[in-house]
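Which chain is which? The protein sequence lines are A and B, in order.
Throughout the first sequence, residue numbering follows my numbering, covering 205 to 523 in sequence.
Throughout the second sequence, residue numbering follows my numbering, covering 65 to 413 in sequence.
A hint or two may mislead.
Computed list of lysine-lysine pairs in DSSO-like fashion (alpha-carbon distance at most 27 Å, straight line) [stated by the list, open to error]:
1) Lys396/B to Lys364/B
2) Lys396/B to Lys297/B
3) Lys242/B to Lys229/A
4) Lys295/A to Lys364/B
5) Lys229/A to Lys172/B
6) Lys454/A to Lys295/A
7) Lys364/B to Lys454/A
8) Lys229/A to Lys320/A
9) Lys277/A to Lys229/A
10) Lys172/B to Lys320/A
11) Lys225/B to Lys320/A
12) Lys391/B to Lys364/B
13) Lys391/B to Lys294/B
14) Lys320/A to Lys277/A
15) Lys483/A to Lys320/A
16) Lys355/B to Lys396/B
17) Lys251/A to Lys320/A
18) Lys211/B to Lys191/B
19) Lys229/A to Lys364/B
20) Lys251/A to Lys229/A
21) Lys211/B to Lys225/B
If you only want the chain A side, here are some residues facing chain B, beta carbon under 10 Å, derived [stated by the list, open to error]:
22) Arg226
23) Arg233
24) Pro265
25) Asn316
A few chain A residues that face chain B, going by a derived Cβ cut-off under 10 Å, partial list only [stated by the list, open to error]:
26) Arg223
27) Leu228
28) Gly290
It is worth saying that the hints were derived from the structure and are not from the lab.
For clarity, every value in this text was computed on a predicted model and none was experimentally measured.
C-beta: ideal position from N, C-alpha, C; glycine also.
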Amino acid sequence: MEPTAARPLRILCIDDESRILRALKALLREHEVHICSDPRQAPQMAKDFDIDVIVCDQRMPQMQGIDTLREIKNAHPRALRILLTGYADLKAVLGSVNEGEVFRYVNKPWENAEIKALVTEAGRIAREAPLISSEPISEREAEEARGTVGVLVLEEDAVTQNRLREILAPHYQVRFANTIDRALMLLEQHETGVLISETETHKQGDLTQLLKALKLHHPYISTVVITERANAQLAMELINEGQVYRMLLKPVRMGSARLSVDSAITRYWKLKRNPRAVKRFALGNAPSFVEHSVPVSEQLMARIRALPTRIVELMKFNG
Amino acid sequence: MVSDIAGTKSRASCNEFPILADNSRGIESHMSPLLLTLIFLSLALAGAAGFFYVGQARLRARITELEEEGRKKEASQAQVMHTTKLASLGQMIAGVAHEINTPLGFVKSNAEVIGDLLTEYEQAVAKCMTGVDFLLNADAATFERAKTAVARVRMELANAKGLVEARELLTDSVDGLKQMSALVVNLKGFARVDRDGMDLVDLNDCLQSALTIASHQLRDRVTVTRELGKLPKVRCMPSQINQVFLNLITNAAQAMGEEGRMVVRSRVLTDTVEVSIEDNGAGIPDNVLPKIFDPFFTTKNVGEGTGLGLSIVHKIVQGHGGTIRVKSEVGKGTTFVVELPIQHKDAKK
Ligand SMILES: Nc1ncnc2c1ncn2[C@@H]1O[C@H](COP(=O)(O)OP(=O)(O)OP(=O)(O)O)[C@@H](O)[C@H]1O
Ligand SMILES: [Mg+2]
Numbered sequence: 205m206e207p208t209a210a211r212p213l214r215i216l217c218i219d220d221e222s223r224i225l226r227a228l229k230a231l232l233r234e235h236e237v238h239i240c241s242d243p244r245q246a247p248q249m250a251k252d253f254d255i256d257v258i259v260c261d262q263r264m265p266q267m268q269g270i271d272t273l274r275e276i277k278n279a280h281p282r283a284l285r286i287l288l289t290g291y292a293d294l295k296a297v298l299g300s301v302n303e304g305e306v307f308r309y310v311n312k313p314w315e316n317a318e319i320k321a322l323v324t325e326a327g328r329i330a331r332e333a334p335l336i337s338s339e340p341i342s343e344r345e346a347e348e349a350r351g352t353v354g355v356l357v358l359e360e361d362a363v364t365q366n367r368l369r370e371i372l373a374p375h376y377q378v379r380f381a382n383t384i385d386r387a388l389m390l391l392e393q394h395e396t397g398v399l400i401s402e403t404e405t406h407k408q409g410d411l412t413q414l415l416k417a418l419k420l421h422h423p424y425i426s427t428v429v430i431t432e433r434a435n436a437q438l439a440m441e442l443i444n445e446g447q448v449y450r451m452l453l454k455p456v457r458m459g460s461a462r463l464s465v466d467s468a469i470t471r472y473w474k475l476k477r478n479p480r481a482v483k484r485f486a487l488g489n490a491p492s493f494v495e496h497s498v499p500v501s502e503q504l505m506a507r508i509r510a511l512p513t514r515i516v517e518l519m520k521f522n523g
Numbered sequence: 065m066v067s068d069i070a071g072t073k074s075r076a077s078c079n080e081f082p083i084l085a086d087n088s089r090g091i092e093s094h095m096s097p098l099l100l101t102l103i104f105l106s107l108a109l110a111g112a113a114g115f116f117y118v119g120q121a122r123l124r125a126r127i128t129e130l131e132e133e134g135r136k137k138e139a140s141q142a143q144v145m146h147t148t149k150l151a152s153l154g155q156m157i158a159g160v161a162h163e164i165n166t167p168l169g170f171v172k173s174n175a176e177v178i179g180d181l182l183t184e185y186e187q188a189v190a191k192c193m194t195g196v197d198f199l200l201n202a203d204a205a206t207f208e209r210a211k212t213a214v215a216r217v218r219m220e221l222a223n224a225k226g227l228v229e230a231r232e233l234l235t236d237s238v239d240g241l242k243q244m245s246a247l248v249v250n251l252k253g254f255a256r257v258d259r260d261g262m263d264l265v266d267l268n269d270c271l272q273s274a275l276t277i278a279s280h281q282l283r284d285r286v287t288v289t290r291e292l293g294k295l296p297k298v299r300c301m302p303s304q305i306n307q308v309f310l311n312l313i314t315n316a317a318q319a320m321g322e323e324g325r326m327v328v329r330s331r332v333l334t335d336t337v338e339v340s341i342e343d344n345g346a347g348i349p350d351n352v353l354p355k356i357f358d359p360f361f362t363t364k365n366v367g368e369g370t371g372l373g374l375s376i377v378h379k380i381v382q383g384h385g386g387t388i389r390v391k392s393e394v395g396k397g398t399t400f401v402v403e404l405p406i407q408h409k410d411a412k413k
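Could you put the whole structure together from the sequences, leaning on the hints where they help?
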């Protein structure tokens, strides 16, 4: 179909264990696989070979996986990044989402079919979806963005609400919702680029399925999760199935909250100019995450699906 | 076994408590009328009696308090032994899962890929055979064509890298399987699933076992030096002694920041064997040192330490008739020295 699809994908696998590298190379042999056992050389290699997809181990003696991914992101942002982890370590997971902006997590031992499908999907996205520029937007534009693009907070805890109001209200169009129903109403009424949400509340129960469903249909909205339930497993799930943009631990700190919201709004603003890039932040079509991941009620799903899409070109692109 | 003892203890203390409570109520009911009479006799006497009463009440309260304390302590010790078993089990499982994960990862992947490679190779062979059949059945007219066809498929087969690659993956996989079996052997040795109880043991083996189990905490970070002397076998419960060493090694690893050095020593003294674990970690301040063997004492964050490690160590070493010493200097490091008698006949189970 696309002319690019014909050329084999260029994959870079990074792990200090050479037997893992040989296994991955054999497994992904339909692609052009480069291997690297010293993560310090990985950013340069990614650039030199114009790599499409990175598969990187988390635990390496010279340098941790998240640090490696962050440096690769700076050196060669075009590549999509997959992190291989042996066990869930909260600090590493938070670091990889907030700094490394990983595409997916894969647990060791991996499922061959799953990692193959994931790499193919990541490669397709890396080739098809353009990158949004990493240039900062002008102050005037930033002001316009902050005035236009809404921030929605879904949270029932009054203390956190007040805290966020204090931090955000002076700078952004911020709206608060206690319930899913109210949140959807606000999304229907106002152009919203950032959703700040808890993962679970007393009255509304689990919110993660809602976050995933929203991402599935409206990938241009960045999700910033604020949570008390620091749990690596949940964090990984939210990245893999919900492409969460940032994860902050409660109590929310002013600096990180503002930084996250600012960069999410900027990203939304850039996506408006360059809607094809949204594919990079969407859930994609790899089998493991679309079907079984969203057991939200049909009614709710219909409402989410029907939310207005304000990035017009995006609809054409997705449709 | 351990939890049985603990269970009996806590049952015993539950029985004791009600008896005490009855007695003290008895004292109280005898005391009150006596006091009333005394008050009527004279003010001074009443004052004295009042004093006496207060004294008695204080004493009674103190006894109850002490009993309560004792009961709590016993209960918490029962709790300690139980939680520790769980804690160390969890620790061990996490360690083993981590160790097994890497070899399991590539062996599992390789097995599947080798299958695919063989299928690809079979197809190449089948093609070649078709070509050969064609050649065998060729007549003068088709011979030249058959020859070129066979030459081509032969070339394809010769160039197919599948088998070479499969062999390489197979070599890695055999390696990985060996690594996993070594781990299981070690684990069985560590837990002594097949022979629990007292045994004659070389403590160097216990140290080695504990180091392997702890290796995921040490790797990349801590350089371990072993200075192990030749030891006589010691009569002990190896699963418990393994636990002692694992806890000490874990603590040492946790006391070191990004990098550190650990020295593990063993030697034989007159009628004891001495094992020491030295680290160059944070050290223990003087005001903390007296508390480290207390159950639940920890300086680690919630969720990172239960504070049970050293209390278990202490209990086990004591149970074996041994001793444990510690010397530490803040900023320099810490050394724990365990001494176990070579012949210890009535070691507690
Ligand atoms: N090698 C060491 N270096 C420095 N401090 C130590 C060392 N070993 C023990 N400690 C101190 O003694 C305390 C008690 O140790 P203990 O093993 O009983 O519990 P813990 O290590 O805190 O918790 P857990 O064993 O459940 O992980 C530790 O919190 C630490 O402050
Ligand atoms: Mg400890």
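Against the structure, the hints:
A threshold of 27 Å between alpha carbons decides the hint, and for Lys396/B with Lys364/B the separation of about 19 Å falls inside it, so the pair holds. Note on Lys396/B and Lys297/B: the hinted pairing is violated, with a Cα-Cα distance of about 33 Å set against a maximum of 27 Å. A threshold of 27 Å between alpha carbons decides the hint, and for Lys242/B with Lys229/A the separation of about 22 Å falls inside it, so the pair holds. Distance restraint check for Lys295/A and Lys364/B: the Cα-Cα separation of roughly 17 Å lies within the 27 Å cut-off, and the hinted pair is therefore satisfied.
At most 27 Å may separate the alpha-carbon atoms for a hinted pair to count; Lys229/A and Lys172/B meet this at roughly 14 Å. Between Lys454/A and Lys295/A the CA atoms are separated by roughly 14 Å; this keeps the pair inside 27 Å, and the hint holds. Distance hint between Lys364/B and Lys454/A is fulfilled; the C-alpha atoms sit about 21 Å from each other, no more than 27 Å. The straight-line distance between the Cα atoms of Lys229/A and Lys320/A is roughly 11 Å, inside the 27 Å bound, and the hint therefore holds.
In summary, the hint linking Lys277/A to Lys229/A is supported, as the alpha carbons are separated by about 22 Å, within the 27 Å threshold. In summary, the hint linking Lys172/B to Lys320/A is supported, as the alpha carbons are separated by about 14 Å, within the 27 Å threshold. The straight-line distance between the Cα atoms of Lys225/B and Lys320/A is roughly 21 Å, inside the 27 Å bound, and the hint therefore holds. Simply put, Lys391/B and Lys364/B have alpha-carbon atoms about 20 Å apart, close enough for the 27 Å limit, and the pair holds.
Our distance criterion of 27 Å between C-alpha atoms is met by Lys391/B and Lys294/B, whose separation comes to about 25 Å. The straight-line distance between the Cα atoms of Lys320/A and Lys277/A is roughly 22 Å, inside the 27 Å bound, and the hint therefore holds. A distance of roughly 19 Å separates the Cα atoms of Lys483/A and Lys320/A; the hinted pair therefore holds under the 27 Å criterion. Restraint check for Lys355/B and Lys396/B: satisfied, since their Cα atoms lie roughly 20 Å apart, inside the 27 Å limit.
A hinted pair counts as satisfied when its Cα atoms are at most 27 Å apart, and Lys251/A with Lys320/A qualifies at roughly 23 Å. Distance hint between Lys211/B and Lys191/B is fulfilled; the C-alpha atoms sit about 14 Å from each other, no more than 27 Å. Taking the CA atoms of Lys229/A and Lys364/B, the gap is about 42 Å. The hint is violated against a cut of 27 Å. Note on Lys251/A and Lys229/A: the hinted pairing holds, with a Cα-Cα distance of about 19 Å set against a maximum of 27 Å.
A C-alpha spacing of about 24 Å is found between Lys211/B and Lys225/B, which places the hinted pair at or below 27 Å, so the restraint holds. Hint status for Arg226/A: holds, given a least beta-carbon distance of 6 Å to chain B, under 10 Å. Because the beta carbon of Arg233/A sits about 8 Å from the nearest beta carbon in chain B, less than 10 Å, this interface hint is met. The restraint placing Pro265/A at the interface with chain B holds, with a minimum CB-CB distance near 4 Å, inside the 10 Å limit.
Hint status for Asn316/A relative to chain B: holds, with the closest Cβ pair at about 5 Å, below 10 Å. Hint status for Arg223/A: holds, given a least beta-carbon distance of 5 Å to chain B, under 10 Å. Hint on Leu228/A holds. Least Cβ distance to chain B is approximately 8 Å, under the 10 Å limit. With a least beta-carbon distance of about 5 Å to chain B, the hint placing Gly290/A at the interface is held under the 10 Å criterion.
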